[in-house]
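Colleague: In order, the protein sequences belong to chains A and B.
Per full-length UniProt numbering, the first sequence starts with residue 1, numbered consecutively.
Per full-length UniProt numbering, the second sequence starts with residue 1, numbered consecutively.
Hint data in this document are derived by calculation from the structure and do not stem from the laboratory.
Careful, some of the hints might be misleading.
No copy labels: a pair is met if it fits in one copy or bridges any two.
What the hints assert, rightly or not - Straight line, CA to CA, 27 Å or less: simulated DSS-like cross-link-like pairs of lysine-lysine:
1. Lys45 x Lys227
2. Lys415 x Lys89
3. Lys118 x Lys391
4. Lys118 x Lys320
5. Lys256 x Lys45
6. Lys227 x Lys391
7. Lys394 x Lys225
8. Lys391 x Lys271
9. Lys415 x Lys271
10. Lys394 x Lys227
11. Lys227 x Lys89
12. Lys256 x Lys394
13. Lys320 x Lys49
14. Lys182 x Lys394
15. Lys49 x Lys394
16. Lys394 x Lys112
17. Lys391 x Lys50
18. Lys415 x Lys227
19. Lys118 x Lys415
20. Lys222 x Lys50
21. Lys196 x Lys40
As the structure is a computational prediction, the values presented were derived from the model and not from experiment.
Number of protein chains: 2
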Amino acid sequence: MTTISVGMLGCGTVGSGVLTLLNRGDNQISESLGVHFNIKKIAVKHPDKKRGLNITKDLSFTGEIENVINDPSIQIVIEVMGTLDQAYKAIQQAITNGKSVITANKELIALKGPQLTKLAHDYHVDLYYEASVAGGIPILRVLNESLITDQITGLTGIVNGTSNFVLSAMKTDHSSYEESLKQAQSLGYAEANPIKDIEGIDAAYKLSILSQLAFGHSINLKQLKRKGIEGVTSNDINGAEVLGLTIKPAVIARQKDHELFTLVGPVAVYKQNPLANVNGVENSVLVTSTALGTTSYSGPGAGSEPTANSVMSDLLAVTKHILLEQIGTSFNKTTDDIGESSLMNLPLTYFLTLNSFTGDEAKISPENYEFLKQVVKVNHAYFCVTKLLTKEQKNELTSALANGVTEVHFYPILK
Amino acid sequence: MTTISVGMLGCGTVGSGVLTLLNRGDNQISESLGVHFNIKKIAVKHPDKKRGLNITKDLSFTGEIENVINDPSIQIVIEVMGTLDQAYKAIQQAITNGKSVITANKELIALKGPQLTKLAHDYHVDLYYEASVAGGIPILRVLNESLITDQITGLTGIVNGTSNFVLSAMKTDHSSYEESLKQAQSLGYAEANPIKDIEGIDAAYKLSILSQLAFGHSINLKQLKRKGIEGVTSNDINGAEVLGLTIKPAVIARQKDHELFTLVGPVAVYKQNPLANVNGVENSVLVTSTALGTTSYSGPGAGSEPTANSVMSDLLAVTKHILLEQIGTSFNKTTDDIGESSLMNLPLTYFLTLNSFTGDEAKISPENYEFLKQVVKVNHAYFCVTKLLTKEQKNELTSALANGVTEVHFYPILK
Ligand SMILES: NC(=O)c1ccc[n+]([C@@H]2O[C@H](COP(=O)([O-])OP(=O)(O)OC[C@H]3O[C@@H](n4cnc5c(N)ncnc54)[C@H](OP(=O)(O)O)[C@@H]3O)[C@@H](O)[C@H]2O)c1
Ligand SMILES: NC(=O)c1ccc[n+]([C@@H]2O[C@H](COP(=O)([O-])OP(=O)(O)OC[C@H]3O[C@@H](n4cnc5c(N)ncnc54)[C@H](OP(=O)(O)O)[C@@H]3O)[C@@H](O)[C@H]2O)c1
């Protein structure tokens, strides 16, 4: 039996899940791989805090990250503490110390993934981050091992459970945005400060990571236009339902002629699209590729044990490499320099609602109404644009409508 | 640039897809792995047949399998010819000759998987068969790499595209079983002799392979009770729809207290179950495991390029092992000796139809009708059993009903 020494940074939701799974799967792992994991040190913020861990083994907590990343006996570091700068520094140090690293930190990988991948490559260590996107869904390993032989042309996903929970609750319970968000918070599906989730920041991180593996391209997050779910009204949700559509918080990336067209924000999804049935905190990613067509991957997008299982699958991958003395095959793909642009620059169909429109068509001037009728299917206050609209036409339509209404909401439609 | 010599057995639907993908992905593969594949020899039944392959390279066809499996320069053999005995012998020979093997042959792996895995292990070569289950969906690799750290408790899948196409068409087009099957044949989705597909034989093979990886248990196919789709009537399909159910051709395996409960046959699926939306030739597998809960994997279940992509992902896995000189890590799992039993032995809820029942309740004797009312929700000729029924109760109900009707169809209900 080989013993592999592991250090952990963080022991919160994900970290304690890792300990639970290591404990539960101990026999299975030692049987199938002939390996036992020794969790040597765990760095946390409050080393003296009482932690209700149902682990029988002695655990050694420390308040100093350095005690973990500089311990020469530790072969693998699992970073599940979050933070950007601190985690970046710690992981760089761990790698230069010759340790393989597993992280669940989406912000870090979205912003510094290529740099860390290069560093890991230079130091011949592994760097895996399956847990950073879509919690328990093994989407990164699938992209890296099963779709690597195919040409990916697009991906569409629901990758933020909080936003999806809120929009699902607005639809199912006919509750307001505020009520649904409160419910998400009381159930532990949204943080006290949910800004990163509801403004699409978290989703943008994940799109960037997916895009690194799918297209070899790290998205410029500063330039990426994203939209949160704060602006989605009950009127929009209900109007979509009338037309057989469901509003979902999506991330989209489509490659076309050396340009990557991206979208982070709510879209209107037709019933037959598999994403229409992804509800609550579930996540799902649809990948379109030349040979395969569309394949889809769904499951829990967060949570202690699902996320921890992704960390565990990384841990097994690194362990196999250590046993075979061939470390250094992280997730990666040749970085290709392609342009970036908003998906809205492509001709799309849109669902649109007029939020102060009471059904009285006269509020729209006759000539604008004529224009509207040419391009949209009018259904009371809801309009479903059934023709492809360019960005210019969309702007034209917005200003045409704006005369009669206070607010126009546009949602790209996914078939 | 390392050149890897590959031999192929068979060059039909899947084999020609492999050649297409190898040709299309050549640059990508040599760039990312530094490897070039040389397809040295291809054994086929009719070596002189004109094949419309859009491949620029010279290909060497032979009528003798031995010319491929005994060629000392060939490192990897791809078996995509089908057959049971011939393929078994050829693969055994290839393995004992020190070659790694990739196969798409579900029948062979379902029946001889454990023996071949052991042989490959003894000879330190790889044996992969991603293409054998659910065509383009990377389900075996997911089970083997991402779910291996979790405990799988159940799996449910639609893994036969032909059956799913026929039942989907019966629902969508309101056509009969015979018409739908003819349509499937004319579209190339069903063979001239579709018996293996419609009788559930093909699905049973796939369930056995899934179960080898998920539970370490190879199902005894001789004892497995399976049901085909031939008996599904339009009345059943329509009746299910009235109650919000869709009839789907499923494979199910559930582990409970060291026993594996299995089912191969049509089931009635509630709308909110993701399988209800898997239509046409699409396949989907839902896996339930302790840490992850339910994850699902969907995509094309067959076809030239999707299936070939699964072969390609196996080819890349073997190639990485060859480059790193560590061949011998096939798909496998410790075989566990667990019992087997029909899922019908567990308490289930059932949807049932009375196929000669015209809505006239008097056809059922009063005492039987009383019994029926106790356990079922009566809705014209369709009954939805809303209580859990044991096997005994189900039999009791069948004979109670049989008095007044000619045929009773039972479908286990999936929520
Ligand atoms: N939760 C999920 O479902 C999920 C899903 C996917 C990815 N992730 C990612 O996983 C990471 C961890 O998330 P989490 O939910 O487990 O967080 P969490 O519950 O807040 O736990 C964070 C842990 O890190 C420790 N920590 C924080 N700052 C530290 C510092 N400067 N030095 C040392 N220790 C520090 C904390 O110590 P104390 O315990 O002493 O306070 C705590 O144990 C994040 O990057 C997150 O984005 C989480
Ligand atoms: N088609 C799919 O979508 C799919 C999906 C998953 C798995 N599979 C599996 O993949 C395998 C191949 O399927 P396929 O659809 O590609 O079959 P196919 O189109 O019928 O092709 C079979 C090929 O094998 C050759 N062959 C048959 N018997 C042979 C023998 N005794 N010796 C040498 N060559 C022989 C044939 O030669 P000729 O060309 O000279 O006749 C042909 O090239 C099967 O095991 C099947 O179950 C297929």
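Colleague: Each of the hints needs a verdict: does it hold here or not?
Modeller: Now for the hints, and whether the structure bears them out:
no., hint, in the structure
1, Lys45 x Lys227, "neither (34 Å within a copy, 58 Å between copies)"
2, Lys415 x Lys89, "neither (44 Å within a copy, 48 Å between copies)"
3, Lys118 x Lys391, "neither (38 Å within a copy, 60 Å between copies)"
4, Lys118 x Lys320, "both (21 Å within a copy, 20 Å between copies)"
5, Lys256 x Lys45, "neither (46 Å within a copy, 41 Å between copies)"
6, Lys227 x Lys391, "within (16 Å within a copy, 54 Å between copies)"
7, Lys394 x Lys225, "within (17 Å within a copy, 58 Å between copies)"
8, Lys391 x Lys271, "within (25 Å within a copy, 37 Å between copies)"
9, Lys415 x Lys271, "both (8 Å within a copy, 19 Å between copies)"
10, Lys394 x Lys227, "within (17 Å within a copy, 54 Å between copies)"
11, Lys227 x Lys89, "neither (31 Å within a copy, 59 Å between copies)"
12, Lys256 x Lys394, "within (21 Å within a copy, 56 Å between copies)"
13, Lys320 x Lys49, "neither (34 Å within a copy, 45 Å between copies)"
14, Lys182 x Lys394, "neither (34 Å within a copy, 46 Å between copies)"
15, Lys49 x Lys394, "neither (55 Å within a copy, 56 Å between copies)"
16, Lys394 x Lys112, "neither (36 Å within a copy, 60 Å between copies)"
17, Lys391 x Lys50, "neither (56 Å within a copy, 50 Å between copies)"
18, Lys415 x Lys227, "within (20 Å within a copy, 35 Å between copies)"
19, Lys118 x Lys415, "neither (39 Å within a copy, 47 Å between copies)"
20, Lys222 x Lys50, "neither (40 Å within a copy, 55 Å between copies)"
21, Lys196 x Lys40, "neither (33 Å within a copy, 54 Å between copies)"
Against the hints set out earlier in the document, violations occur for numbers 1, 2, 3, 5, 11, 13, 14, 15, 16, 17, 19, 20, 21.
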